[in-house]
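**Q** With positions in the sequence shown counted from 1, the corresponding number in the working numbering is that position plus 4.
It is worth saying that the hints were derived from the structure and are not from the lab. Do not rely on the hints blindly, as some may be mistaken.
Result set (BS3-like, lysine-lysine): computed pairs, CA atoms no more than 27 Å apart in a straight line [as the list claims (entries may be wrong)]: (1) 36 - 697; (2) 34 - 740; (3) 197 - 556; (4) 740 - 797; (5) 808 - 791; (6) 886 - 805; (7) 660 - 642; (8) 917 - 886; (9) 776 - 726; (10) 808 - 776; (11) 18 - 740; (12) 723 - 776; (13) 541 - 105; (14) 797 - 886; (15) 347 - 410; (16) 276 - 294; (17) 808 - 642.
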Amino acid sequence: MEYNFGEIEKKWQKRWVENKIYRVTEDESKQKFYVLNMFPYPSGAGLHVGHPLGYIASDIYARYKRLQGFNVLNPMGYDAYGLPAEQYAIQTGQHPEVTTKANIERYREQLDKIGFCFDWDREIKTCEPEYYHWTQWAFQRMFGSYYCNDACRALPIEELIHRFEAKGTEGLNVACSEELCFTAAEWKAKNEKEQQEILMNYRIAYLGETMVNWCPALGTVLANDEVVDGVSERGGHPVVQRKMRQWCLRVSAYAQRLLDGLDTVDWTESLKETQKNWIGRSEGAEVQFKVKDSNLEFTIFTTRADTMFGVTFMVLAPESELVERLTTPEHKAEVEAYLERTKKRTERERISDRSVSGVFSGSYAINPFTGEAVPVWISDYVLAGYGTGAIMAVPAHDSRDYAFAKHFGLEIRPLVEGCDVSEESFDAKEGIVCNSPKAGSESDSCILNLNGLTVKEAIEATKKYVKEHRLGRVKVNFRLRDAIFSRQRYWGEPFPVYYKDGMPYMIDESSLPLELPEVAKFLPTETGEPPLGHAKKWAWDTVNKRVVENEKIDHLTVFPLELNTMPGFAGSSAYYLRYMDPHNREALVDPKVNRYWQNVDLYVGGTEHATGHLIYSRFWNKFLHDIGVSVVEEPFQKLVNQGMIQGRSNFVYRIKDTNTFVSLNLKDEYNVTPIHVDVNIVSGDVLDVEAFKAWRPEYANAEFILENGKYICGWAVEKMSKSMFNVVNPDMIVDKYGADTLRMYEMFLGPVEQSKPWDTNGIDGVHRFIRKFWSLFYSRAGEYLVKDEPATKEELKALHKLIKKVTGDIEQFSYNTSVSAFMICVNELSALKCCKKEILEQLAIVLAPFAPHVCEELWHTLGHDTSVCDAQWPVCNEEYLKEDTVNYTVSFNGKARFNMEFSADATSEAIEKEVLADERSQKWIEGKTPKKVIVVPKKIVNVVV
């Protein structure tokens, strides 16, 4: 029987679906294991060979755990909302739902061909109302909650209202946008709108004024990772900074818990460090600075209050509200011009750019420690969202302050007299020149003696002084910002919000989901409203609890609905919980089901989600834990980041101003321009010239200067991208070699976590291996070879050596070395002409996670009625790995001369006797009596003559 991978793979993919082999239900008799891939966005281009890398890695692990007896949940679905589908809709007029559905069908078709063990009964799509019902529900719960710092958890907003009614803000310790102070009587005297505005200051989901990346051409706010060099990643449109009132999530309230949670998860240290840096915890002091000749004052946050004696200027963020108030008339024009330039730069660009820019406000601030007046500058290296949006600059002890001071000729004052300050002297991590015990000078201006203290002691002494003298307060600060949760787009989850007297109210929970309406256009309206402004039927009837036509709005019982939609991360922040119970119409997840699956045991995805997605989903899960929905605080227990499969690009070389192309090794003789060429018309770097002519119309009449009758292309390893024509479609690989070959080859390329180039030149070897594995069962003539006979020691040794190796490799995700081990084992068994059922049955089980189709076929030929997926993972028997004999190198006077085999339990005396009796030894002894014989057990025998 010939190995016909095409027929075999289609046959088993069909049977797996018909028999629901991968369907999983809660089973209390089995230990659970939850495997999850990061939510894919279905693009129109479909999958390329880089996309399945993580899916294959997690699929192998899921199959392995199932074979070990675990009840494995391995679901798949689609993050179906997003800007690409909407942009395509704007360009073509086609509804984004149509293109999204087509893209999903294409993805599903490709995924099915590769043979994943996904439970498709649990498939979810974020664009379906049945799914985003629960995203809207979670948002409503966040709106109805506040974060209590004393309880370290979210609590119902009604409890805060009761508190205000009883005590006002007295003794209040909660997360908020700004510190407010009022009595119970003052609270009760306020009208409904005023009270709602105050509550907005505390809600976990709230409306707030924030600086955003606004793209006028796209008519929407963009996240930092959607902006590159001041333009939108998609379309290359200009992006500016703009202050907008929009929905936010108070992620910052959970900053400490997000930090603490990292100690409980099995993630790489580098990934944890990335999260810690993003959260950015720092302890310090908030200090008040008064403005000279004014009753104004402002607050700065510093982690090094002991360096306040070295302050020589202040810096405000361009977005700070203080800029307008502190800018003097004679500096107004210069400041406004600077602010206009800054609007075109994202925060990410400002953080990474080390160039210096700024402008003087004209005002001076008074240092509360020294009484000195220092100039107040404005610069984009200070960010409004971190700290207070204002800093005290200590150029002698901070590299960015130093660069700014040098650029503008400002004073640089060391804390210790005689300390030499230069750009090279800064500590790379701390930015501190002098950690001398004399952290403070003895000048008359000093009001706090820090001499003789260590830096740590000086910091604590200064913080104590600030607190005692009411100059400010001691505070823990975080770099983590609240998440902007509004997008001015159509294709996203609608907010379940209507507006009464300008304030937001939630629609009735029983009326969820609020479904996305039809619109005539997907662009913003002529008056600048989001695309939902085009909807004719987008108003909320509070009496009948339904959506009605806009003309019925009376602001008495019928009110306008929110026009923004939720961002992309809304649907992907709790999808792992919905997979547990995807068809539940009464709850996000049934408590009993959640208690069984708990959280994700293995999460696989790219490093590009190390901050945004992982921060937001961890926050979301902690909130759901606070309100009793999620049973575990951390959603992802173990996380593996797969590397990127890079493309191997090919180039042709066109002679300038001609349509003539010269082969690689002749190009230096001409003035040429390298041009990317489709890798699918190149084989082994040799161009198919006829296919090239047919590839694009402009090359139909191309001429070629060949070498040895061939056109040799240049090559480079680059990101796999359509623009570089180096995208390899997995369908082509599956059609030519089979899905099992694709799966094994992707794992064979290198460690899962590392990036590596795709090169089809090596795929033949993996395909030959599978055919060789098949030949252990069938001869070339189609004869079934398997015999039910006892295995030999050599056969058992080869098998159990493989079992031990692959078991360890899978646990460590070292799949590339597993593939090598499979090849070695099959070679050994082939050499032994092994056809024993005892061996081949176990071999099929071990190989099944990697090559499920061929193993399923052979498993059934071995006489099994059940799936190989339900077999039992074999355990290595160390007894079979013990060596019966040991090969010793025999040396004379330290020089190796020949080798001898001895029984593994032979004594040193027996080995010595046999070596000296061997006729080959006589040649090297030359009739002499050996002085001594040294036997190194299991290694070497050295005869000293």
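**Q** Confirm or reject each hint.
**A** Results for each hint:
1. At roughly 56 Å between alpha-carbon atoms, residue 36 and residue 697 are farther apart than 27 Å, so this suggested pair is violated.
2. A threshold of 27 Å between alpha carbons decides the hint, and for residue 34 with residue 740 the separation of about 40 Å lies outside it, so the pair is violated.
3. For the hint pairing residue 197 with residue 556, the CA-to-CA distance comes to about 23 Å; that is within 27 Å, so the pair holds.
4. In summary, the hint linking residue 740 to residue 797 is not supported, as the alpha carbons are separated by about 38 Å, beyond the 27 Å threshold.
5. The hinted pair formed by residue 808 and residue 791 meets the criterion: a straight-line CA distance of about 25 Å does not exceed 27 Å.
6. Between residue 886 and residue 805 the CA atoms are separated by roughly 10 Å; this keeps the pair inside 27 Å, and the hint holds.
7. Taking the CA atoms of residue 660 and residue 642, the gap is about 54 Å. The hint is violated against a cut of 27 Å.
8. A distance of roughly 25 Å separates the Cα atoms of residue 917 and residue 886; the hinted pair therefore holds under the 27 Å criterion.
9. The straight-line distance between the Cα atoms of residue 776 and residue 726 is roughly 36 Å, outside the 27 Å bound, and the hint therefore fails.
10. The suggested pairing of residue 808 with residue 776 holds, with an alpha-carbon distance near 22 Å, which does not exceed 27 Å.
11. This hinted pair checks out: residue 18 and residue 740 have alpha carbons roughly 20 Å apart, not beyond 27 Å.
12. At roughly 34 Å between alpha-carbon atoms, residue 723 and residue 776 are farther apart than 27 Å, so this suggested pair is violated.
13. Our distance criterion of 27 Å between C-alpha atoms is met by residue 541 and residue 105, whose separation comes to about 24 Å.
14. Between the alpha carbons of residue 797 and residue 886 the distance comes to roughly 10 Å, so the proposed pair stays at or under 27 Å and holds.
15. A threshold of 27 Å between alpha carbons decides the hint, and for residue 347 with residue 410 the separation of about 25 Å falls inside it, so the pair holds.
16. For the proposed pair residue 276 and residue 294, the alpha carbon gap of about 40 Å is over 27 Å, so the pair is violated.
17. For the hint linking residue 808 to residue 642, the alpha-carbon distance of about 23 Å falls within 27 Å, and the restraint holds.
The structure fails hints 1, 2, 4, 7, 9, 12 and 16 (numbered hints given earlier, in ascending order).
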